[in-house]
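Given chain E, work out where chain X should sit, using these hints.
Same order as they appear, the protein sequences are chains E and X. Taking our numbering, the leading residue of the first sequence gets -15, the next gets one more, and so forth. Taking our numbering, the leading residue of the second sequence gets -15, the next gets one more, and so forth.
Among the clues, some could well be false.
Identical copies carry no separate label here, and so any pair may be met within one copy or between two of them.
Computed cross-link-like contacts, DSS-like style, restricted to lysine-lysine with a CA-CA straight-line distance of at most 27 angstroms [unchecked claim]:
1. 241 x -6
2. 231 x -6
3. 16 x -6
4. 231 x 129
5. 129 x 222
Since the hints were made in silico from the structure, they are not lab data. Predicted model only: the values in this text are computed from it and were never measured.
There are 2 protein chains.
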Amino acid sequence: MFALLNRNIKAVILDITGVLKDSGPHGGTPIKGSIEALNRLHSSGLHVRFCTNETTVTRHTLVIHLRSLGFTIDEEKVFPPIPAMCTILKDRNLRPHLLVHPDALPDFKDIDQSNTNCVVIGDATHQFTYENINRAFQCLMNFEKPILFSLGKGKYYQEEGELILDVGPFMKALEYATGVTAEIVGKPSLAFFNTVLNDIGISAHEAVMVGDDIVNDVGGAQACGLAGVLVRTGKYRKPDENHPDVKPDAIFDNLEKFVDCLLQDKK
Amino acid sequence: MFALLNRNIKAVILDITGVLKDSGPHGGTPIKGSIEALNRLHSSGLHVRFCTNETTVTRHTLVIHLRSLGFTIDEEKVFPPIPAMCTILKDRNLRPHLLVHPDALPDFKDIDQSNTNCVVIGDATHQFTYENINRAFQCLMNFEKPILFSLGKGKYYQEEGELILDVGPFMKALEYATGVTAEIVGKPSLAFFNTVLNDIGISAHEAVMVGDDIVNDVGGAQACGLAGVLVRTGKYRKPDENHPDVKPDAIFDNLEKFVDCLLQDKK
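Chain E with its partners taken away, still in its complex shape (with noise of 0.2 angstroms):
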């Protein structure tokens, strides 16, 4: 059992980008110090779980990447959402009209396209065109019953030194010009952070999420029971400190100094 701000910590879910590694070109570099922190972290008998937003590449691609870069981690630990929503498509019996990133695609093999009867967004990047913006949001107008999903809802990250414009603005353009508003699948979702926590077989109040994002990571882990833990890594920017709505349990420079301190409090 570990002690953090009075609470039993038996599982630690870790944000991928922004606290194991920067974004950049080629998929981006570890952030120092956190591939050992992770091996401490998956010696040390508390169960570790990986929670990001990514949608830019499939989970698989995502763990090999990681894996080159030395990071130890398995498949099946890694929740991005484009498993969760082909989950909700099937059980809805939703056929989507997809704008997300083109290297995502083959996470949606299985789902069927045909006679679309919603929209899903994700961080699409390049693809996120005038013309492409205009399609979805076209086909949003023309459904009886319009429904929109975002994977995740998260305003910017940062790449090779630049803020770079995440999926929240395209699906807030999309929210106003249609009145629709989106279900978000992915941070800071109730469902998403449950999914994990049932994986683990655990309670929110045994977990603590680490993230950079301090809305969707911090805010939307604290809003669900969890711990939430700011890093002053990849997108972090001071201001978070004092945001106006959540207040992180703790705040640490990096996942290394979270380690240190998790693991020193062992009782």
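Below, chain X alone, put in the same frame as chain E:
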């Protein structure tokens, strides 16, 4: 004096696209009956002004085109957002990063665009690329005091039978990403309608606005004290007649029917 809805109307303010003409290739085509209806308004002794959120051409080009279609129209009676925007930029010593339609750029020719300290977005159509939206976002994030102007906040318009996104959704995307609230220049802003009323020299209750946009034309005018008339042309859609927030003072099939009704009530 003309009576409409128990008001003594001295001025008619007309939206252009969707009221006088449809949008479409090569600038669109006249809506049936609108050329003659406008001529009858001119002959009636009523003040006539044109209040448009058009930002994809210069004012001069717009007027030349309307004349070529057969409309009787003077340039100084046309009020688009860009001249109003330029006045604001000069008054407040602001230097814009522009995300606007290339054909509208000549109307900004007297504006200093070096060392930018605000962002101005208009209906940039195909210039709403992923790269350009990101650049506007990065500008705002880099300003010490970010200021965003939006030339209108329309959701969409109709072109060649298809609904096309207007500037509003892209404004919402930037607002969400940056946390900045845009200042609207153009309909439905109070200042914009007041500029037109001041030019005529009348009070709001002596004017009627005629438009196809339930929110920006009708609702905007009503919020400023004008009568707001909806026409069933342009981007009008049946649900507009039961809009949750805006109830038009009157609804007519088109401009011709409105003018018929207005002029037959001459006292």
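(request) Kindly indicate which numbered hints from before are broken by the structure, ordering the numbers from low to high. (result) none
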